[in-house]
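S.K.: Next come the chains, spelled out residue by residue.
2 protein chains.
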Amino acid sequence: MTGISRRAVLGGAAGVGAAAVGFGGGYAFGRDAALDASHTVAFRGAHQAGIVTEAQDRLHFAAFDVITDKREDVVAMLQKWTDAAERMTRGEEVTPDGAIGLGDYVPPTDTGEALGLSAAHLTLTVGFGPGLFGPSAAYPDRPDRFGLAARKPAGLTDLPAFAAEKIEPQRSYGDICVQACADDPQVAVHAIRNLARIGVGVVSVRWSQLGFGRTSATTRSQDTPRNLFGFKDGTANIRADETDDLNKWVWVGEQDNPPAAQWMTGGTYLVARRIRMDIEPWDRANLLEQELIVGRTKGPGAPLGQVGEFDEPDFRVTSGGAPRIPRNSHVAVTNPQNRGGVRILRRGYNFTDGSDGFGHLDAGLFFIAFNRDSHTQFIPMQQDMSRKDAMTEYLIPNGSAHFAVPAGLKPGEYWGQHLFA
Amino acid sequence: MTGISRRAVLGGAAGVGAAAVGFGGGYAFGRDAALDASHTVAFRGAHQAGIVTEAQDRLHFAAFDVITDKREDVVAMLQKWTDAAERMTRGEEVTPDGAIGLGDYVPPTDTGEALGLSAAHLTLTVGFGPGLFGPSAAYPDRPDRFGLAARKPAGLTDLPAFAAEKIEPQRSYGDICVQACADDPQVAVHAIRNLARIGVGVVSVRWSQLGFGRTSATTRSQDTPRNLFGFKDGTANIRADETDDLNKWVWVGEQDNPPAAQWMTGGTYLVARRIRMDIEPWDRANLLEQELIVGRTKGPGAPLGQVGEFDEPDFRVTSGGAPRIPRNSHVAVTNPQNRGGVRILRRGYNFTDGSDGFGHLDAGLFFIAFNRDSHTQFIPMQQDMSRKDAMTEYLIPNGSAHFAVPAGLKPGEYWGQHLFA
Numbered sequence: 000m001t002g003i004s005r006r007a008v009l010g011g012a013a014g015v016g017a018a019a020v021g022f023g024g025g026y027a028f029g030r031d032a033a034l035d036a037s038h039t040v041a042f043r044g045a046h047q048a049g050i051v052t053e054a055q056d057r058l059h060f061a062a063f064d065v066i067t068d069k070r071e072d073v074v075a076m077l078q079k080w081t082d083a084a085e086r087m088t089r090g091e092e093v094t095p096d097g098a099i100g101l102g103d104y105v106p107p108t109d110t111g112e113a114l115g116l117s118a119a120h121l122t123l124t125v126g127f128g129p130g131l132f133g134p135s136a137a138y139p140d141r142p143d144r145f146g147l148a149a150r151k152p153a154g155l156t157d158l159p160a161f162a163a164e165k166i167e168p169q170r171s172y173g174d175i176c177v178q179a180c181a182d183d184p185q186v187a188v189h190a191i192r193n194l195a196r197i198g199v200g201v202v203s204v205r206w207s208q209l210g211f212g213r214t215s216a217t218t219r220s221q222d223t224p225r226n227l228f229g230f231k232d233g234t235a236n237i238r239a240d241e242t243d244d245l246n247k248w249v250w251v252g253e254q255d256n257p258p259a260a261q262w263m264t265g266g267t268y269l270v271a272r273r274i275r276m277d278i279e280p281w282d283r284a285n286l287l288e289q290e291l292i293v294g295r296t297k298g299p300g301a302p303l304g305q306v307g308e309f310d311e312p313d314f315r316v317t318s319g320g321a322p323r324i325p326r327n328s329h330v331a332v333t334n335p336q337n338r339g340g341v342r343i344l345r346r347g348y349n350f351t352d353g354s355d356g357f358g359h360l361d362a363g364l365f366f367i368a369f370n371r372d373s374h375t376q377f378i379p380m381q382q383d384m385s386r387k388d389a390m391t392e393y394l395i396p397n398g399s400a401h402f403a404v405p406a407g408l409k410p411g412e413y414w415g416q417h418l419f420a
Numbered sequence: 000m001t002g003i004s005r006r007a008v009l010g011g012a013a014g015v016g017a018a019a020v021g022f023g024g025g026y027a028f029g030r031d032a033a034l035d036a037s038h039t040v041a042f043r044g045a046h047q048a049g050i051v052t053e054a055q056d057r058l059h060f061a062a063f064d065v066i067t068d069k070r071e072d073v074v075a076m077l078q079k080w081t082d083a084a085e086r087m088t089r090g091e092e093v094t095p096d097g098a099i100g101l102g103d104y105v106p107p108t109d110t111g112e113a114l115g116l117s118a119a120h121l122t123l124t125v126g127f128g129p130g131l132f133g134p135s136a137a138y139p140d141r142p143d144r145f146g147l148a149a150r151k152p153a154g155l156t157d158l159p160a161f162a163a164e165k166i167e168p169q170r171s172y173g174d175i176c177v178q179a180c181a182d183d184p185q186v187a188v189h190a191i192r193n194l195a196r197i198g199v200g201v202v203s204v205r206w207s208q209l210g211f212g213r214t215s216a217t218t219r220s221q222d223t224p225r226n227l228f229g230f231k232d233g234t235a236n237i238r239a240d241e242t243d244d245l246n247k248w249v250w251v252g253e254q255d256n257p258p259a260a261q262w263m264t265g266g267t268y269l270v271a272r273r274i275r276m277d278i279e280p281w282d283r284a285n286l287l288e289q290e291l292i293v294g295r296t297k298g299p300g301a302p303l304g305q306v307g308e309f310d311e312p313d314f315r316v317t318s319g320g321a322p323r324i325p326r327n328s329h330v331a332v333t334n335p336q337n338r339g340g341v342r343i344l345r346r347g348y349n350f351t352d353g354s355d356g357f358g359h360l361d362a363g364l365f366f367i368a369f370n371r372d373s374h375t376q377f378i379p380m381q382q383d384m385s386r387k388d389a390m391t392e393y394l395i396p397n398g399s400a401h402f403a404v405p406a407g408l409k410p411g412e413y414w415g416q417h418l419f420a
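Chains as they are written, first to last, in numbering that gives the first Met the number 0: chain A, 0 to 420; chain B, 0 to 420.
Worth flagging that the hints you see were computed from the coordinates, not collected in a lab.
Incorrect hints may appear among the rest.
What the hints assert, rightly or not - Counterexamples of contact, computed for chain A against chain B with all Cβ distances above 12 Å:
id, residue
1, Thr39
2, Gln78
3, Ser135
4, Pro184
5, Gly212
6, Gly320
7, Gly340
8, Ile378
9, Phe419
Unchecked claim - Stretch-level coverage of chain A by chain B, calculated; a stretch enters the list once three of its residues show a Cβ under 8 Å from a Cβ in chain B:
id, region
10, 67-77
11, 98-104
12, 201-211
13, 225-236
14, 254-265
15, 356-363
As the list claims (entries may be wrong) - If we take Cβ atoms under 8 Å as the criterion, some of the chain A residues that face chain B in the derived model are:
id, residue
16, Pro107
17, Thr110
18, Gly111
19, Glu112
20, Leu114
21, Gly115
22, Gln169
23, Gln185
24, Arg192
25, Ala195
26, Arg196
27, Ile197
28, Asp222
29, Lys297
30, Gly298
31, Gly353
Where a beta carbon is used, it is the ideal one built from N, C-alpha and C, also for glycine.
The shape of chain A in the complex, shown without the other chains (with noise of 0.2 Å):
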């Protein structure tokens, strides 16, 4: 009986009483492709979904160690969490009738939270950190359990330190990530916690970041969202249909690896890191220290000196002599201008965690970024940033990490297959 999709099975209940649907504990549901089909994005294609699909409202992002030194296990669990990850992009349990369909006497292998939800344009994108090749920041004197180190992509080091950061290593690193993005919280958190339990003995949640609030419009037809410093963020991201801007500054090129390290062909790197805001301080710094920081306004989001938010900022015009946007105003600091055209996709996400323990709100931006080549894109602005960059004052990275995304599967292929084959 799997013609009851996890929405009707709730408003069934609900609403018309749960006598005509089920009975005791060995009722069993899966879904209606149908009634998904216009909540899911396709999980298989030439990208991994999750990377240039219009983001979503809500995040979980987890990192995994690998606990095992058996190569088998480790590609037996993604196989699993393959076919687990495709089910659930498309709204359905991770096995069919998993979380109450399988009989009285065996632990679901779903956990049955997401019953009654809808696919809700969920997204799980995988990437591989340094630690599956051998040494990382994370374990340094590990060695490469698995064989991989020939397969290591070039670009695929642990981001170097920065100034004015400080890392702490349990919310940083990490062997394979895991971005869920849906647009309800309760699809991504359930994607994640699945996964994990599949993944029990083989990886341990190493850490994990929900996002409340997305920080960037990948698409034409977003707005671009505000951050907790009450500015529009990534005005200037890539756009989904900027195909040239895509080849050139996401998507990793056949020629940017040896042949041993091809995996990564139409893959591309994420950038994770947590960047805690100190907004107290800020929030006491005047509207006009505000913008001159940031490099454009408040309101409409438009480049100091110009009108609208998708102006190109003109950084020679002046105003009593000195340039109208500050040279290390954020924006001088990363406008593609500046940088020698060099742009980079973000996708990141407001968070809030709780209290600090000192009387403030743990809050600020999950910043996830996908380049070719971190190393000429992220990594040179990140360093230019906290050096010049006077909003540095007000952040305080703390968690930073590093993977390798490869390209989309095609049909029948599972996770790193490209990698561990």
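Please arrange chain B on chain A, whose structure you already have, making use of the hints.
M.R.: Here is chain B on its own, set in the frame of chain A:
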């Protein structure tokens, strides 16, 4: 220029170009009340909003320590809070043009991250903790700083210690609480953050908790959602249309307090419990074991032996000589049938706060309940749960707080006016 809504500004800036709506930092905007009429919940009324209000999907709950001894400063802050709260629940900024319209050389009075967002059915509900009236669990040696001891309602004590809990003081207690519920988490976070900002020097954030998914229905039209055990939660909840039961079990009556504490009439007591769920062992339990612990089926959520979610549990039914619903099941321990008819109003939320440092997600239920007298309703139920409820094996309550939530405000009144006046 207050004729542009928070939402209209963002739409305008992205959709038709910001040139049409703004210019530089001196640009001002407010909102259009008509636009948000369908996204607002009335702030004033006989009772505070956010109690029987149809449960919104997202929560940000904050508990504050009062860090001043000056009564007039507390009153002044509560007056400012009330103005700001009422405005924010209408989808307005903290003050007119607060984010960008007050001039370049003053700090904005609104932090701005909700510009462009609707009111999102925001409700803000205030409560006062034992510490406002004298010594408390958080500060046992603190005197009655504000001369309020005589006005302390009989029901407002610190919650007692329960078996099987691991209370962390940094997640517990508090002199004042604000519960922010909204459809959009950014709106809830914005509200708490701006109240914290207004309260600088008077209050300090002691703890705060985000909840991503509601675990209760408060109206007939809402489906019963699922908690992170995958079960429907709160089926037996009091609904907003059960006026008699609300008067009996939720709203404090005139006869409940002496004249000095009549400010609580029409109010209620809020119990907050951060309950970490031991989800990994739970996920390894058989379906039958899970259902015997809960006392309901996992699919439709029917009481064991019954068919539909809203069927009344029948504790007389036996199976093989034993009760079909085990006596130590959650339903048996908590159902009104077995508690002399006693009910409470639940308004809980699922949470996931990253990982616990031991390879697991830090996930669970942020339990909120409202009752007329915690000493005869919540506390005995929790005492029974912690001793008899089989579910307790999978629960680690690590935060606990108790607040007196006053009645709603008449026009012109401020939060706590009848307490402090």
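S.K.: Does each hint fit the structure? Answer for all of them.
M.R.: Checked hints:
{"no.": "1", "hint": "Thr39", "in the structure": "holds, 20 Å"}
{"no.": "2", "hint": "Gln78", "in the structure": "holds, 20 Å"}
{"no.": "3", "hint": "Ser135", "in the structure": "holds, 17 Å"}
{"no.": "4", "hint": "Pro184", "in the structure": "violated, 4 Å"}
{"no.": "5", "hint": "Gly212", "in the structure": "violated, 4 Å"}
{"no.": "6", "hint": "Gly320", "in the structure": "holds, 19 Å"}
{"no.": "7", "hint": "Gly340", "in the structure": "holds, 24 Å"}
{"no.": "8", "hint": "Ile378", "in the structure": "holds, 26 Å"}
{"no.": "9", "hint": "Phe419", "in the structure": "holds, 23 Å"}
{"no.": "10", "hint": "67-77", "in the structure": "violated (count 0)"}
{"no.": "11", "hint": "98-104", "in the structure": "holds (count 6)"}
{"no.": "12", "hint": "201-211", "in the structure": "holds (count 8)"}
{"no.": "13", "hint": "225-236", "in the structure": "holds (count 7)"}
{"no.": "14", "hint": "254-265", "in the structure": "violated (count 0)"}
{"no.": "15", "hint": "356-363", "in the structure": "holds (count 5)"}
{"no.": "16", "hint": "Pro107", "in the structure": "holds, 5 Å"}
{"no.": "17", "hint": "Thr110", "in the structure": "holds, 5 Å"}
{"no.": "18", "hint": "Gly111", "in the structure": "holds, 2 Å"}
{"no.": "19", "hint": "Glu112", "in the structure": "holds, 5 Å"}
{"no.": "20", "hint": "Leu114", "in the structure": "holds, 6 Å"}
{"no.": "21", "hint": "Gly115", "in the structure": "holds, 7 Å"}
{"no.": "22", "hint": "Gln169", "in the structure": "holds, 6 Å"}
{"no.": "23", "hint": "Gln185", "in the structure": "holds, 4 Å"}
{"no.": "24", "hint": "Arg192", "in the structure": "holds, 6 Å"}
{"no.": "25", "hint": "Ala195", "in the structure": "holds, 7 Å"}
{"no.": "26", "hint": "Arg196", "in the structure": "holds, 5 Å"}
{"no.": "27", "hint": "Ile197", "in the structure": "violated, 10 Å"}
{"no.": "28", "hint": "Asp222", "in the structure": "holds, 4 Å"}
{"no.": "29", "hint": "Lys297", "in the structure": "holds, 5 Å"}
{"no.": "30", "hint": "Gly298", "in the structure": "holds, 4 Å"}
{"no.": "31", "hint": "Gly353", "in the structure": "holds, 5 Å"}
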